[in-house]
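Protein chains: 6
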Amino acid sequence: MKKIYDYHKDEQVSLYVLIKSAEEKLTRTNKPYLSFIFQDTSGEISANYWDAKPKDVETFKPGTVIKLEGKREEYKGNPQIRIKAIRLAKNDEPNNPELYVERAPINKDKMVEEFNHAVFDITNANMNRIVRFIMKKYQHDFFQSPAAKTNHHAFMGGLAYHTVSMLRIARALSEIYTELDISLLFSGVILHDVGKVVELSGPTATEYTLEGKLLGHIVMINEEIVKACNELKIDENNEDVLLLKHTLLAHHGELEYGSPVRPLIPEAEMIHYIDQIDAKMNMISSALKKTEPGEFSERIWAMNNRSFYKKTFAHPDSLSE
Amino acid sequence: MKKIYDYHKDEQVSLYVLIKSAEEKLTRTNKPYLSFIFQDTSGEISANYWDAKPKDVETFKPGTVIKLEGKREEYKGNPQIRIKAIRLAKNDEPNNPELYVERAPINKDKMVEEFNHAVFDITNANMNRIVRFIMKKYQHDFFQSPAAKTNHHAFMGGLAYHTVSMLRIARALSEIYTELDISLLFSGVILHDVGKVVELSGPTATEYTLEGKLLGHIVMINEEIVKACNELKIDENNEDVLLLKHTLLAHHGELEYGSPVRPLIPEAEMIHYIDQIDAKMNMISSALKKTEPGEFSERIWAMNNRSFYKKTFAHPDSLSE
Amino acid sequence: MKKIYDYHKDEQVSLYVLIKSAEEKLTRTNKPYLSFIFQDTSGEISANYWDAKPKDVETFKPGTVIKLEGKREEYKGNPQIRIKAIRLAKNDEPNNPELYVERAPINKDKMVEEFNHAVFDITNANMNRIVRFIMKKYQHDFFQSPAAKTNHHAFMGGLAYHTVSMLRIARALSEIYTELDISLLFSGVILHDVGKVVELSGPTATEYTLEGKLLGHIVMINEEIVKACNELKIDENNEDVLLLKHTLLAHHGELEYGSPVRPLIPEAEMIHYIDQIDAKMNMISSALKKTEPGEFSERIWAMNNRSFYKKTFAHPDSLSE
Amino acid sequence: MKKIYDYHKDEQVSLYVLIKSAEEKLTRTNKPYLSFIFQDTSGEISANYWDAKPKDVETFKPGTVIKLEGKREEYKGNPQIRIKAIRLAKNDEPNNPELYVERAPINKDKMVEEFNHAVFDITNANMNRIVRFIMKKYQHDFFQSPAAKTNHHAFMGGLAYHTVSMLRIARALSEIYTELDISLLFSGVILHDVGKVVELSGPTATEYTLEGKLLGHIVMINEEIVKACNELKIDENNEDVLLLKHTLLAHHGELEYGSPVRPLIPEAEMIHYIDQIDAKMNMISSALKKTEPGEFSERIWAMNNRSFYKKTFAHPDSLSE
Amino acid sequence: MKKIYDYHKDEQVSLYVLIKSAEEKLTRTNKPYLSFIFQDTSGEISANYWDAKPKDVETFKPGTVIKLEGKREEYKGNPQIRIKAIRLAKNDEPNNPELYVERAPINKDKMVEEFNHAVFDITNANMNRIVRFIMKKYQHDFFQSPAAKTNHHAFMGGLAYHTVSMLRIARALSEIYTELDISLLFSGVILHDVGKVVELSGPTATEYTLEGKLLGHIVMINEEIVKACNELKIDENNEDVLLLKHTLLAHHGELEYGSPVRPLIPEAEMIHYIDQIDAKMNMISSALKKTEPGEFSERIWAMNNRSFYKKTFAHPDSLSE
Amino acid sequence: MKKIYDYHKDEQVSLYVLIKSAEEKLTRTNKPYLSFIFQDTSGEISANYWDAKPKDVETFKPGTVIKLEGKREEYKGNPQIRIKAIRLAKNDEPNNPELYVERAPINKDKMVEEFNHAVFDITNANMNRIVRFIMKKYQHDFFQSPAAKTNHHAFMGGLAYHTVSMLRIARALSEIYTELDISLLFSGVILHDVGKVVELSGPTATEYTLEGKLLGHIVMINEEIVKACNELKIDENNEDVLLLKHTLLAHHGELEYGSPVRPLIPEAEMIHYIDQIDAKMNMISSALKKTEPGEFSERIWAMNNRSFYKKTFAHPDSLSE
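Residue numbers (my numbering), protein chains in the order written: chain A, 2 to 322; chain B, 2 to 322; chain C, 2 to 322; chain D, 2 to 322; chain E, 2 to 322; chain F, 2 to 322.
Next up, chain A with everything else stripped away, as it sits in the complex (with noise of 0.2 Å):
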């Protein structure tokens, strides 16, 4: 079935689509009318229902599914949907709201497994307790968190995906660089951006916690660990763990993105230049998705508000091994 961006700009639009937000405002002169964003696994887009009566604002709520006919418009360089009619979804029609929402393109039991794979492979025994401990703990959050509130990964599993991701580069790396300690490096990438589960409020409407906001994702991390030894009586001052400790305040790289120390190790330096392979990756297929072959994409705020271009010829599809 076609997806909000599959269909161009001026083109007539008929889909079924989730409502993310239905906000009640009033125009200027006085008139009621219902804000709404829209949503599928394409993306996300704004429309405005006139004239909305009462009825219409106890019936369409966030988080129910509709059938959307109506126009693709632009309205100030952003798209967005001209109304012409909208209705609930029936039963027999596909009105489940998980199938609207984005998610991870691999699925959790997925995942785990290549989670175990990666744990089983750090053979320094502190190292692999205190991951499995704080993993054991955050377990639930932690497949279901994004990754970031808006940059990258923002969408429910985009914390354990951007993880997985990550480990398949370390592995990758690891093979390139044997001098880099496996112990280290896996168990730095899966710890990461764990303090992330409690810097963020979680899958949707995803926001700063006050604790996220006062301490920030790389001291809460430091914190588990801390706790993790003084749970399973590991001596914190062992080098192994100090380094690990390193690696996880090392991993934004520079101190004025939030590092309280750079990598001094080179693990510490691999690890920072992964999550910011895998951050931009990220970025730029979402931006490109949207953007028409020949075409230059939206700007992406934190990549210096650059836009890329997406080109035109195909690219082939497989390595020759």
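Chain copies aren't distinguished; within one or between two, either way the pair holds.
Taking lysine-lysine and the DSSO-like style, the derived pairs with C-alpha atoms no more than 30 Å apart in a straight line are:
1. Lys-68 / Lys-290
2. Lys-21 / Lys-10
3. Lys-234 / Lys-312
4. Lys-4 / Lys-26
5. Lys-311 / Lys-228
6. Lys-10 / Lys-62
Honestly, the hints are just simulated from the structure, not real lab data.
Because the structure is a prediction, the values reported are computed rather than measured.
With chain A's structure known, arrange chains B, C, D, E and F on it following the hints.
Frame of chain A, contents of chains B, C, D, E and F only:
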């Protein structure tokens, strides 16, 4: 008795000094000599002892007090002593090394008293208990430690003295800005640099410890609060504990100075400024102590390499009150 | 009586306010309306008065006090009032516009007294004469002027109040750092922003004057000293005059903040920090006044766009002394 | 056989080394001496040969192998050798200079094979032809050239080795991010630093050429593409050629690092990161090779002057796969 | 005849203008209107035409000249026209669109003459041939193209006019600094922005081309030189060709402004300054043209957002010579 | 006669030079020697005179001319002279010290004439009177003073020569940009650096004065205008005086370069650029004078440490006109 920096350039020198360091070296043409750093409470100065005999190397060890005859000169803009004669200080002479080491200008008992006064004013129960727990744990080292390796208050007891001066400013500001929370302000000031007790190796030949380099004193004090709450059964999620942590994490003011978060409550912003004021006054005063009136001081690296002017006219003794 | 910011979002509003500005506008469809900014001592708020008749335009002029009935709402994140009814305040109601304007929290007489106390402590004869000469010249405007156009102390008497607060900090610091020259410190504080009397257009609808934009208040106060010395037959080449000039020129601390020289004497460095402390405390306090406990304030542009947190627990009333 | 950096400080040294440079100098008192830099595959070290006779100057020329007896010392924090005796290596001793020069850890044939494999995967016809044309033209020098004058891979064959490592990372990333165009990614990696063949003067005593300083290797490779298209009758206006040019021009990532444009397609962004990862891992590994476990390395100028920590615990041999 | 910016705010307007753009839009309540931008040689201004009929949309196309009656107003600080009546210009009225487009203040013949004069002074044979080859190739577009999309000389012929002004400054400087190489200086000036002919899409509705965005005009002119040398059989390795390339590559002065190398010969440094002077004078003059004496201009984004003051006193007509 | 920098490295030297400075020093092993700086109009060079006798110290005083035999060498990249023999210049030899000092390449009379011509073109009465008043006051020192301590025009008469060159550029620009106010432009150029007469200590052994360090030449010239207006009874509030002040205050272009305000009128912006052009051309030319064709100059600290290339081909003699 006249001290090192009471002598002017090209003046004949005759005084007792402590040998801070004594390194055996060779000239380019392979002749042995001793490279000294001498010290008294007015500062440090270097000197070379040419044609040092093996016996001299035995005799003039770091930590011993000597009688020095020579001339104060300058070499490439830095003061140094040209040695005429040196001998060990005798028993009836001031040969106690402690007499030659810079220390805080007020004694420990007076400082302890000021701390107790401040702790008394911390009426918030959680903060009061946390402050007392941590201060008790590090009490001994806290009153020994310098406040920094080189920049400011780099002497035995410097950390405690720096903290006491900051408490005095904090007390004054809390009377001017009555909206400030005194418990938070005083707790923040007392604890802000306690992590330096572990970050630095101690009052003599101060270096950064491995933990100091890889974590930094800001993260370390945060860990101490986590541990204190655990010991004292205080819930870390209480807002007062959270704000205390934030105040400590934010006290460097900007991310690029090593704080993982910027100040987001007024007490955190104020502590940052109080810290700056005391550190900078100490650096300027130290530099001006070694400067003649009407001259500019040596350059202060940590203050954008500025050199400060020492005025020639006297300043009045006291305020009208 | 309740004030504008005592009302919460979506609450019914009934109170007296001053019309700060009233602009006649047209909707996109050509209907006239009045765009108001109302004001009382708790702050300012905007409101639109739809279908304004010509008589309304006549009646509701800036500078008049009205009785306002309506509702406090939010439009794009900013508070505004939806007007139900407005009428002019009557004679037996609080219709004196001066009651609604923010002003310094201590009165002019008290401020004058503090200034006189400080001037008394300037024992250096040249500085004392220069300070008194300039303060006499600008006395009237000085106690009227705001300290800035928008950032901090942007209210009638704000400049004098800012200066008085700085004098209090200066007095406290001069007791802690007895090496500071009191004459220089107090003279510098008193004169540092006097140039703003000419740089800014006055206490209402404050703008930069042409002279203010093209020269700036730092250069202007330097000119005042040149003129004062000329009038008072003081030799400008005296070191005390030179240092006073330097202190004023350097008080912004860094070239990029508009000081043509950086501080090169301790008093100049300290005045820079005192100025920072008072400006920032004022900005934070103003923002937090409009914020509910447990919420973050509006962003403060002049403080790197940070928004500050208002804590929920009370703070103790006073110090132990 | 033991190498230079297998000896510790103050150890007696007895080994064969290559004379990298030998400069005749005079002491301040006019006595001639030879200032050597010795070299083997573990690195370089300096040494002074006092009282050098004219015959010595004749004998100990750069490029000859000698037997060296002496002591490893430190002078101002840098390692140096105090020479006891030197003589030319004899015919039955390892006197081939090539044995002492650092080179890529894999041999040229293996590297050529990896390049061929990658070129095979460039299925875009224009890119494939351009890559082969340019590589054929610079084949010889490409496998000789260092990748930089001093910072990273500064040894014979360093440029090819750096490029091969990057191809390995590129291959791994293209499997993780299947949206990347393999032809563009691999062509970009292979060509990105070919301009250095002309920018740098060659594998020994590497300097920037005049053309290198005035144009830079980024502009030079762009010129090569223009010329290749001209020879091969490929229309430069084809989008694939344009994107290939862009990828090469943008590979330094930011204008301030010398790219005239910033990356605007995902392949260009990725190549920038791959380049960074390989350059930095090489710099860190080189520095740590000369560092004792538990110590910090020399400062790395091109990495913000950081010095890296060498951990004391071993790392596991291999991954689970 | 009076032009748009000869009218003051709130004045009745009656004049001929060109429709630069006409966009059909809907009000929030679904009523169609036309959003115009009108233009004459004094500048551009926007206007909305409410209740536009389908026939109006047909009639008032971009590129047609109309007679406009209305009022000059301001909307959010920007000037706009409130339309009273519009009609097409008649045949006996000034209805030639070219009359309303800003263009270079001197005509093409005069500019060609100045170019020829400059080329005559390029006595270096290689440079002379290269300059003539490239100028011939782009002759037509060069005299049409603007010098930039928005910032400076953004009008038909702007590129040629900017270059002519720079030649005049270059000529003056070459008389003051006789050590400058005239061939290099004049060739550099003439060619420095020729790449903009391809980088920008042309004189109307100017946009960056794809090639312009992905390569930039600095790289493009370098490519032109490579091609010219190939055609003209000039050896690119000649020092004069190399220096000419360098001059063009370096003319933005700093890496962060897009030059891949910084100026390393005096002629390159001078051309950078000449370019700056002419671009900035043009921006300031354009802004001041729309400003009343005694007022500040609109902010100029490309000059750190400064707004410039227009003085009220006249300036003398001419120099004494 | 051949000058210092006419000799190449390792060439035998025989010429007359002026002793600029002669410092008595001791070798590390306590032997006296004389450390000279010699000078002629081609530049300065250092030389050590070993085993200096007390009589030598008496004879070879700074300010005397000597006959020097020796060899031009290099020590750590800097040129120096190895002395073979020195003796005082005799009466029939060129022993006038003035012959060896660098000075402006045009004589004072010619410069005075150019100034008079420029002043004649300042038709604005206030500016004309102010310029003449200040120039008369500082006339003598103005034609003696260097334009800077080290960076550019650091020779006797350098300030006047720098100003004359700027006047020539200003005259040329005023013909190209006829909208510039000639009175303002010429007055600004003439006065812009007059404050340096007091900021710097004079033409020999130039240092910053105390006033220069604490106020800076930008503030000083502003004070001079205040005093001139007072003497001449010119109302400082006149717009022309205000703009003249602004032009001088803003001539460093940016706050971080020490201007308390940025240029807000076109004349101020232009003077900033004219100043830059002349200062940089002088720095580059000075560096290239000491450089062989085909080589790069010493690094120029004030130009981002760049070193400039000296081309090998000749430049044509003159323009076609």
